[in-house]
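Here the protein sequences line up with chains A, B, C and D, keeping their order.
Here my numbering is used: the first residue of the first sequence is 48, the next is one more, and so on.
Here my numbering is used: the first residue of the second sequence is 48, the next is one more, and so on.
Here my numbering is used: the first residue of the third sequence is 21, the next is one more, and so on.
Here my numbering is used: the first residue of the fourth sequence is 21, the next is one more, and so on.
I should point out that these hints are in silico values taken from the structure, not numbers from a laboratory.
You may find that some hints are simply not true.
Derived pair list, reagent style EDC-like, types lysine to aspartate or glutamate, alpha-carbon separation capped at 20 Å [what the hints assert, rightly or not]:
#1 C/315 x C/51
#2 A/376 x B/336
#3 C/341 x A/217
#4 C/192 x A/329
#5 D/70 x D/275
#6 A/376 x A/357
#7 C/256 x A/104
#8 D/306 x D/35
#9 A/330 x B/100
#10 D/315 x D/305
#11 B/353 x C/118
#12 B/353 x C/336
#13 C/70 x C/275
#14 B/365 x B/346
#15 D/70 x D/51
#16 A/365 x D/218
#17 C/192 x D/218
#18 A/353 x D/336
#19 A/365 x B/329
#20 B/376 x A/329
#21 D/304 x D/240
#22 B/365 x A/329
#23 B/376 x B/364
#24 A/365 x A/346
Here the structure is a predicted model, which means the values were calculated and not measured.
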Amino acid sequence: MSVAGTLETLTFGQAVKAAIAEEMRRDERVVLLGEDVAHHGGMFQVTKGLIDEFGDERVLDTPISESGFIGMALGAALTGLRPVVELMFFDFSLVAMDQLFNQLAKTTAMSGGLPVPLVIRTQGGGYKGAAAQHSQMLEALFLHMPGLKVVAPSSPADAHGLLLSAIRDDNPVFFIEHKQLYAASGPVALGAEQPIGKAHVAREGSDVTIASYSYTLQQALQAADLLAADGVEAEVVDIRTLNPLDLDAVGASLCKTHHLVIAHEAHARCGFGADLAAQVQEKYFDELDAPVLRLCAADVPVPFAKNLEDAVLPSPDKIKSRVLECLGK
Amino acid sequence: MSVAGTLETLTFGQAVKAAIAEEMRRDERVVLLGEDVAHHGGMFQVTKGLIDEFGDERVLDTPISESGFIGMALGAALTGLRPVVELMFFDFSLVAMDQLFNQLAKTTAMSGGLPVPLVIRTQGGGYKGAAAQHSQMLEALFLHMPGLKVVAPSSPADAHGLLLSAIRDDNPVFFIEHKQLYAASGPVALGAEQPIGKAHVAREGSDVTIASYSYTLQQALQAADLLAADGVEAEVVDIRTLNPLDLDAVGASLCKTHHLVIAHEAHARCGFGADLAAQVQEKYFDELDAPVLRLCAADVPVPFAKNLEDAVLPSPDKIKSRVLECLGK
Amino acid sequence: MPPAKKPRSQLTRDDLLGLYRQIVLMMRFEERLLAESQAGNLRGSLHLAKGQEALPAGAGKALRPDDYLTMTYRGHGYALAKGVDLGRMAAEILGRRDGLCGGQGGKMHLFDPAHGLLGANGIVAGGIPTAVGAAWSSQHQGLGRVALTVFGDGAVNQGVAMESFNMAAVWKLPVIFLCENNLYAEMTPLGRSTAETDLAHRFAGFGMTTATFDGNDVLEVYDQVALAAAACRAGKGPVFLQAMTYRTCGHYQLDPGLGYRTKEEVAEWEAKSPAHRYAGWLTKEKHTDKAGLAKLESEALAAVDQAFSFALASPEPPVDKMLAGVFV
Amino acid sequence: MPPAKKPRSQLTRDDLLGLYRQIVLMMRFEERLLAESQAGNLRGSLHLAKGQEALPAGAGKALRPDDYLTMTYRGHGYALAKGVDLGRMAAEILGRRDGLCGGQGGKMHLFDPAHGLLGANGIVAGGIPTAVGAAWSSQHQGLGRVALTVFGDGAVNQGVAMESFNMAAVWKLPVIFLCENNLYAEMTPLGRSTAETDLAHRFAGFGMTTATFDGNDVLEVYDQVALAAAACRAGKGPVFLQAMTYRTCGHYQLDPGLGYRTKEEVAEWEAKSPAHRYAGWLTKEKHTDKAGLAKLESEALAAVDQAFSFALASPEPPVDKMLAGVFV
Ligand SMILES: Cc1ncc(C[n+]2csc(CCOP(=O)(O)OP(=O)(O)O)c2C)c(N)n1
Ligand SMILES: Cc1ncc(C[n+]2csc(CCOP(=O)(O)OP(=O)(O)O)c2C)c(N)n1
Ligand SMILES: [Mg+2]
Ligand SMILES: [Mg+2]
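Using the sequences and the accompanying hints, generate a full structural model.
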């Protein structure tokens, strides 16, 4: 059993699990529900074994009824529990949008201030040949609809620390994991919260800022390595929490580099990159030596064949090209 | 009975109905379905009387099952019909998101090219004290997910002409009506299509460009009048079709005015305005004398009380202020 | 197996008169809402429940104050019967600072957790899973509370409703699904939206106990909800109640309620209206007389007047707090 | 009232042998898919239907070529039985240019309208309303076509599935809801996701004809689907079929299929596997002998080999057309 306060090397998946377990130990109001999360331990094995420690009263397998059980979590959050829901694939959020957006995201505002302490964890993204209905990153929808905090960590330490904060938050938090990150490992200070609302400079540089998050952040770091080999020093800002957004952190980097490229795996139109670009050009117009460029998924559903999927999704090379374009090279 | 080719003064609602009736006469594959659309003629009376002309085989009242009947429309569109669906409130699209985005918007791409000839008409927007779940403009979600054409007319003539095009289109089209527009009247050339994908200069001006659509376009025209009284000549571009987007039309105006304000009723974050601002600064960076500004709904659920709703939603005055801000006045 | 005695046999004369007062309170409250709407003081659509008053009155009486409730846009009566403050409720519906939700929610979004009210809803069936979650939470924490969720005959065709029925049944949750079968969803008669118009069959298919009864008989409503609540508290799982009723008004304030219904049909149900029937029974059984009823009625009217005086005196809600953002 | 004779009495010896060939074809096809997956030639999750082969074979035989079909990620066998070209199907699953969808769809999104296939689906229950719409369209245009939609026991808890059942029933649409009740949804046993495990009850609640039968008996499957299709074509409305079956493999290629199921349980169902049982019956009834069966088996294998040769020879799909956008 992991103990709070120690530093361990964990995979992203283990770091998530450690945060859940920590909170379940600390606070008996924390309960878990989702499809196959209990007896099987989750499709990605993130909740494996929690039923043994906490019992099937606190770790609940649900029917394939995402609307229903997300709505249930809202009812539980309003009556003394702090549910953590697993939504097996980000893509499946679409069957539960009314409960997510018309119900739980609006409850605090509509009620004039009721707390809604719940977390929805999901897993998204491509690169696995899972095709159009199992590869999506839909965070933009969750940013457009006010009422949910949205978090998308890129490292085990952030996953752990941000999930701790999310479970302790009295607002609903949507927590995005990327299927390509689960196996990545890194040092995790157990029990160390990371604040929601703060971006983080993942790599320092002076020529250009790359803003990213989730798995694409890792690609951005690779792109920065490639760029460094070409003599370009990119600063990489890990946005981490998409709502609330730490615009100041992006601005601070931009004031140094005067060039910004935003990279993410979601579609471009009305995506996070569009949002950040619009905010940046509004607030930092005079700091920009070039337009803010974006590197996103092409605006088509994610195709199946490998060469097609590669053509649609971001890669370190594509990010690098976009950065060079931004720098006029 | 309205006859194609004649010019009539119609309300927005009548113009929509005339387009549906025209297409149902012309093409027997066109069928209509939705809640209370047949016997009652629709909550906003847009389809009133169509059941009398076309019979209950072609005009169908559905149960309160938006996912179900939108999915049904997809099945019908794949097998020889051209359904026109009424979704009573834009807000209710959230219960049908999987069918909209994972199913019908992706079918053409996933199948490698099958046509999906169907139209979903809906009605959205605020200003009526209908509160958080009956006042939304959710077009950004529909722009982020590729696969649907998205149309949002602001006048009876455009409503008529664009709906004719939408019903004749072999792609799924999402057609947005605004509750505040139904009673507005204007001249309509019956049977005259308007092309999907073309914006339209609704008012000429030289000092600043205001880009808008749907009901907010009417507010933008009022703002332009207010500005004219102050000696500012605003050019107002009616985007009309949000996907495909006519970026060139915005660019052409911008190259004249060098200032752009985007006004819409949807939320700001990851909204249409963010998207357009990001595209404009990327393509027309050197034409911009000031940052692109946006005037959108505040990023909170639409509140009920009148003074609160007024504080959240756009108005001609707010658009005017934002324009002056853009011009540095 | 039905119990030997119906729960109503426990009701005292005060209880019986209280039920009448509750029915009349709701009528007066909704009449006043209509008047305020017609006077232009009340924004948006108003969904009244004229003719369905026995349901909130009976159900409210059968529940404990700490039991949970979710309901629809047509739920004013349930909120009142659950003990929600009349004045704060009127203030919310008028969009005032002292409203239940500070004027942010409005009449389709009434919340009052202190009285178990976890939300009215503008989305058909939208609040049903909330109630299932509250029931789960009660079971989990051993609170002994029951959740009541009220919805219409049209709502049973919304996916999330059916998902909720199944979840409640499989986990044997203490939730009462009360379907106000008023034969129409907006302007659509039940038979046009479902093949099996006896909705109890659908619920039974999920493995739930069901009962169908006269929803215009307040004592029957009381009995059925009391029995259901007792079964829930005894851990026997959810109960589906199909209450046969009718709204003698339109779907909302601008709908005359005809066109899709005949005058005769409406008149027939008006004759069966709960207040009327129950008043007849109370006097026939000599629990009270005309004067006694009149006294209850004027008490109700006075309470409503007082509530609206409070509400109308309440100022506009402050804008800044609302604009500051959605998070607590 | 059941007909005097079961539809199977019409089947010729060729038909009977054809059913066996179809079962074996599916088995060989899926085994090859697994091999390609293990060899790294096939991307993503692969959901096989080992042990459930009687269902596609029997259902495909009972339908007309122009009847419609929607299905799940586990539907390869139905596509084959519906007449979809083996080679183009293999090519799609391998992500090649000559695939059914040009490599854009992949194995969870097989489309072939020429054979009535309106989509496999990666979303549980996602394709059910499509079939209802196709049935409506057929009824509307007087095409006389039936729509078959196939889904699992877990899918009945998804809202849109239940909305679809109700719509089909109220409009008496010619759609067959075929539920492959294989007792598990991923790793969750039926009893953990629904209180009433006899799903026929749920369907009956919507006002639909239902039948429950042995889904591992190909002739029974044929009979049931043929009867249902006849009822649909006669305008009697939708039919719900609950086929009791079992996947003797895991949920997907990386799931050993144990842990949540006992070895004994799996072995019990392996003994009841459709190919095995039907082969026994065919020889016992002297429709063929061991050599005859072996011939059918090698024919099937050859067809599969040929399909994969075609598929593996097909080039990568072109990128430009796909990137050009989603509209036709
Ligand atoms: C998801 C959704 N679809 C449609 C509507 C519009 N609508 C509001 S009330 C109503 C009818 C509901 O009928 P029923 O459930 O019988 O309740 P009743 O109004 O009769 O009390 C409809 C269709 C809605 N609010 N939400
Ligand atoms: C909406 C949705 N939720 C969850 C999933 C993940 N998932 C894929 S298959 C499956 C189990 C389905 O079980 P069942 O319907 O019984 O079909 P079977 O796999 O047994 O054939 C689940 C939960 C999904 N694809 N879609
Ligand atoms: Mg009703
Ligand atoms: Mg199954």
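To see whether the hints hold, each was checked on the structure:
no., hint, verdict
1, C/315 x C/51, "18 Å, holds"
2, A/376 x B/336, "25 Å, violated"
3, C/341 x A/217, "18 Å, holds"
4, C/192 x A/329, "55 Å, violated"
5, D/70 x D/275, "13 Å, holds"
6, A/376 x A/357, "24 Å, violated"
7, C/256 x A/104, "17 Å, holds"
8, D/306 x D/35, "14 Å, holds"
9, A/330 x B/100, "56 Å, violated"
10, D/315 x D/305, "18 Å, holds"
11, B/353 x C/118, "15 Å, holds"
12, B/353 x C/336, "9 Å, holds"
13, C/70 x C/275, "13 Å, holds"
14, B/365 x B/346, "15 Å, holds"
15, D/70 x D/51, "9 Å, holds"
16, A/365 x D/218, "53 Å, violated"
17, C/192 x D/218, "17 Å, holds"
18, A/353 x D/336, "9 Å, holds"
19, A/365 x B/329, "17 Å, holds"
20, B/376 x A/329, "16 Å, holds"
21, D/304 x D/240, "17 Å, holds"
22, B/365 x A/329, "17 Å, holds"
23, B/376 x B/364, "15 Å, holds"
24, A/365 x A/346, "15 Å, holds"
When each numbered hint is compared with the structure, violations occur for hints 2, 4, 6, 9, 16.
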